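Chains as they are written, first to last, in the numbering used here: chain S, 1 to 450; chain C, 1001 to 1331; chain A, 2001 to 2310.
Everything labelled a hint here was simulated from the structure, so no lab data went into it. Possibly wrong hints are sitting among the right ones.
[As the list claims (entries may be wrong)] Cut-off 25 Å, straight-line C-alpha distance, at most; resulting in silico cross-link-like pairs (PhoX-like, lysine-lysine):
1. C:LYS1326 / C:LYS1221
2. A:LYS2126 / C:LYS1326
3. S:LYS174 / A:LYS2057
4. S:LYS126 / S:LYS349
5. S:LYS144 / S:LYS55
6. S:LYS397 / S:LYS144
7. S:LYS144 / S:LYS129
8. A:LYS2057 / S:LYS313
9. S:LYS44 / S:LYS370
Because the structure is a prediction, the values reported are computed rather than measured.
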Amino acid sequence: MRVRQRGLLLLAPAVAVLTALGACSNTSSGGGSATPQLTGNCAKYQAFAGHAGTKVTMFASIISPESDSLQKSWNEFSTCTGITIAYEGSNDFEAQLPVRVSGGNPPDLAVIPQPGLLQKMVSTGKVAKPPADTVANVDKYWNKAWKAYGTVNGTFYAAPMSANMKSLVWYSPKAFTAAGYKVPTTWDEMMALSNTIAGTGKKPWCGGIGSGTATGWPATDWLEQVVLRQAGGDVYDKWVSHQVKFNSPEIIAAMNTVNGWMHNPAYVNGGFGGVQSIATTTFQDAGKPILTGNCFMLQQASFYGAQWPTGTKIAADGDIYAFYLPAISSSVPTPVIGGGEFITAFSNKPEVQAVQTYLSTPDWHTSRIKTATGWVSANSGADQSAYTDPIDKLSAKYLTDPNATFRFDASDLMPPAVGAGQEWKSMTAWFAQGTAIPQLMADIDAQWPA
Amino acid sequence: MTVLADSTWSDAGLKFFNTFGTVAVFAAILLLVFWAAGRATGRFYRPLALVVFLGPAILLLLAGLVVPAIQTFMLSFQNADSNRGVGLANYEWAFTTSSIQNILVTTLIWILVAPIVTTLLGLGLALLVDRLRMQSLYKSLIFMPMAVSFVGASFIWRFVYEARDPSQPQVGLLSQIAIWLGFHNPPNWILTQPLNNFLLMVIMIWVQTGFAMVVLSAALKAVPDDVIEAARMDGAHGGRLLFFVTIPMIRNTLIVVLTTVMITTLKVFDIVRTMTGGNFGTQVLANEMYTQKFVFFDNGRGSALAVILFLAVLPLMIYNVRQLRKEREVR
Amino acid sequence: MTAVATEQVATEPRLPAVKAIRRSFSSPIASFAVIVITVLWTIPTFGLFVTSVRPAKDVATTGWWSVFAHPAFTAHNYDTVLFQNTFGSNAGLMPFLINSLAITIPATVVPLTLAAMAAYALAWVKFRGSDWLFFIIFALQIVPLQMALIPLLQLFNWFGDTTGVDLNGTYVKVWTAHTMFALPLAIFLLHNFIAQLPRDVMEAATVDGAGHFKVFRTIVVPLSTPALASFAIFQFLWVWNDLLVGLTFAGGTADVAPLTVRLAQMGGSFGRSWELLTAGAFISIVIPLIVFFSLQRYFVRGLLAGSVKG
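Chain S extracted, bound-state conformation:
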């Protein structure tokens, strides 16, 4: 019968094709082969050979243009070893990663900028311990504090990637010289300078906390800088572990200081408008008025360097430079707040471990430094002379200063519901609506996970 024959003709290939297509990936993947011998330029990657044709997925919150430099930095590694690193950057990283992890399809590697989030991921049980080589590198090239931030409950999980220096103030040396201003070295000098500038009818400070769904984070930085400077490292640590609550005298005192600084209508928001405009100005745009003389200082981290337009001369005598955000109290010497990211693995496939180890070697860190400016490493084995950017050099100097009171960004250490959630929202509300400080602090405390 014609119909039956037709049916059978459809059946066999249909089943076959469906199974094949269902399992058919949109990209090819291959198996390994016997460890090849790498020669010439590739010889230094010998330790990572033997995984040609494999793919390692990496998920991070770093998007273009910074992520372009990242991908360039491991190009040679990829070509030589044959391991493809499929990179994905997302603005929604903090929300997407837990979804992928609980959904069962985590990335092979995740670059987590918050130790608080790292803790949360570890508690899901899906984080893979790093290989011994990685741990050895971390022990050798980073000081203990950095290893501690990548450790959860006594077990080390994640090697640091970059480090950034957050206690900087961007300014224009040309503008300062033209107006006769001197770079302040104490907090009081900085406030006096602000008053002077305000007296000439201009706004001394500009700022922006807009950042998509992460709107509010720069404001948390401002608070942390003041807490560390005014209250010291001990209180700071207790604050991070919730022994000192947001609604406590020390933190409220810090908020009041910030109130007179970045929430001060006489000081902000140069080039954009009033205090409220801080809430809608994106953090990337915030410093632009410095170039047009509408604002003089911007408190931002070392990674802000990538935001200046191409052609801007960044040097101590150039268009743009940065000075160290001064200390407030002499009992807290050289307070420095920094941040970083931690490379976390969710798989222990050999190629993933190979990449993990490679990214902890001084070699890769040097390679990344050489690829583009605006990136600093706390890896002591990285070639310090490779820094070409004066800001990078400046940051590295503070990040490796043995006498500095160094602390990691507090909101990154706190549980994500607070540090990547309520604190951002409350600080944004403070700028946008002027909500009363005690109310804000109470709201943040209320969100702390029980």
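Given the coordinates of chain S, assemble chains C and A onto it according to the supplied hints.
Positioned in the frame of chain S, the structure of chains C and A alone reads:
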């Protein structure tokens, strides 16, 4: 201009092969099943037909919507990490916390204002456009925003609502128009409460009105001529004709349009998320639900908000369902 | 006399209902209002387009309307976005356009087919509980899809673990997810239309000995083409413009990400390169617009023709 990398084309080829191959295989399997089930006879025929026709849809719906819905319902009675029952605590939190109360009120305003304005505007346009030549062009242009994603719409409206210091050249159209009209100090629109809520609703209305207009236009065209004729004979003209004859005739469509836009309004969180992130007093329930679940990692509260969302639409659903049932009986 | 009267009545043309309504609104003010509203409706999108052809510096400093006074255009933005080595991809947005197409086409065809089948069964196959089933499916529209993300991901993983078929890196997950989320509305809309098909045609076919399958294939599908086409357009637009489902089930890496995910990665903060973002956004709008404009006449025939009556 750079030439596209070769790999792009081979990649594309592979993807298209996968895509069309899948569709072809799907069609093939379907035809096969049709043929096989069609050969059944007697008592098995109808049940088998039902299984074939309804089975795939029901299976997918169970797995994709019913099970998660039930899960959500149960999670709403548990704590943040879903390892302990907390009874009605999450609901209590939702209705007694002032910030959530504000969100509920804001959401209520959204689901009242946006659908009603959309439907009225759509009705008005449908009535007016039909008498013009080139009505296709107008309809297409007004419908066009529906082809834009909500994220894309947010991009577009950025250039309308963006505020700059009045001393500088403006980048946002609304501020510029305000200045042209003589208001020299236009506010920061996104920050101004409660105006910002209505400005965001404008985006939703902008997207959905085309849909309302097109559907209502079809409905108007299908109103039976004899009814209108009879009414005119009785002396009804203009406004009376419209309100007492035409609109009652398209009542069902009006309700369907209203419901569909209301459901869309309730579910869409992209607009608020992209334009303000839920800050500045613009937070709506759908976005807060997402925030509670995916930013604060609180499964209990996020789920409770989802259930509240569902309950908010239920009355409308029931009304709609009653209407449809009446219609089915008539048929 | 009667003959003349009849003739008079006969010569006065029978006004179709719409014309009658038109008459009620006859005033040039009305047409002016429509034109004004249409222009207002189009201005925002027009603004986006103009911005996308302006040089970067202009975009950051002045409004797009100033091109009328100081024209300055460039195709550079489109060139960069489409073809250049930016944002981590070495072929601009082209691969993502292709990804979007690869995701959207099956995610339109499959739900359309399954929904048509289900709608036919609910409309024309009498069985107990069909009313209830229909209402439940209708009510499922309100389930927020955010709630289904993690359970579905876990389901796919379970499926992968038990059958050994690795779905990661394929689009099967995103096709399935889109189908699931589209079914309630699809079934509802198609049901309204299919239920209105002429009873006599359906009965004639049954009398001729055709079973449900034959009726579906040979009568229902051809007659429902306007509704099917309309829904296909809606579904195409919805899937093409979707961000969340694509991000969660397809992923964000360059080899699988659809266009919306890519655009979101490019511009979540709006802080940089507005001109590139607008070009990218406009490109992502163009394809749905083409689809829409080429098929827009189907809307008039309307897929809600069913709920029109009454």
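How the hints compare with the structure:
{"no.": "1", "hint": "C:LYS1326 / C:LYS1221", "verdict": "holds, 23 Å"}
{"no.": "2", "hint": "A:LYS2126 / C:LYS1326", "verdict": "holds, 17 Å"}
{"no.": "3", "hint": "S:LYS174 / A:LYS2057", "verdict": "holds, 23 Å"}
{"no.": "4", "hint": "S:LYS126 / S:LYS349", "verdict": "holds, 14 Å"}
{"no.": "5", "hint": "S:LYS144 / S:LYS55", "verdict": "violated, 32 Å"}
{"no.": "6", "hint": "S:LYS397 / S:LYS144", "verdict": "holds, 18 Å"}
{"no.": "7", "hint": "S:LYS144 / S:LYS129", "verdict": "holds, 18 Å"}
{"no.": "8", "hint": "A:LYS2057 / S:LYS313", "verdict": "holds, 18 Å"}
{"no.": "9", "hint": "S:LYS44 / S:LYS370", "verdict": "holds, 17 Å"}
Hint compliance for this structure: hint 5 is the single one not met.
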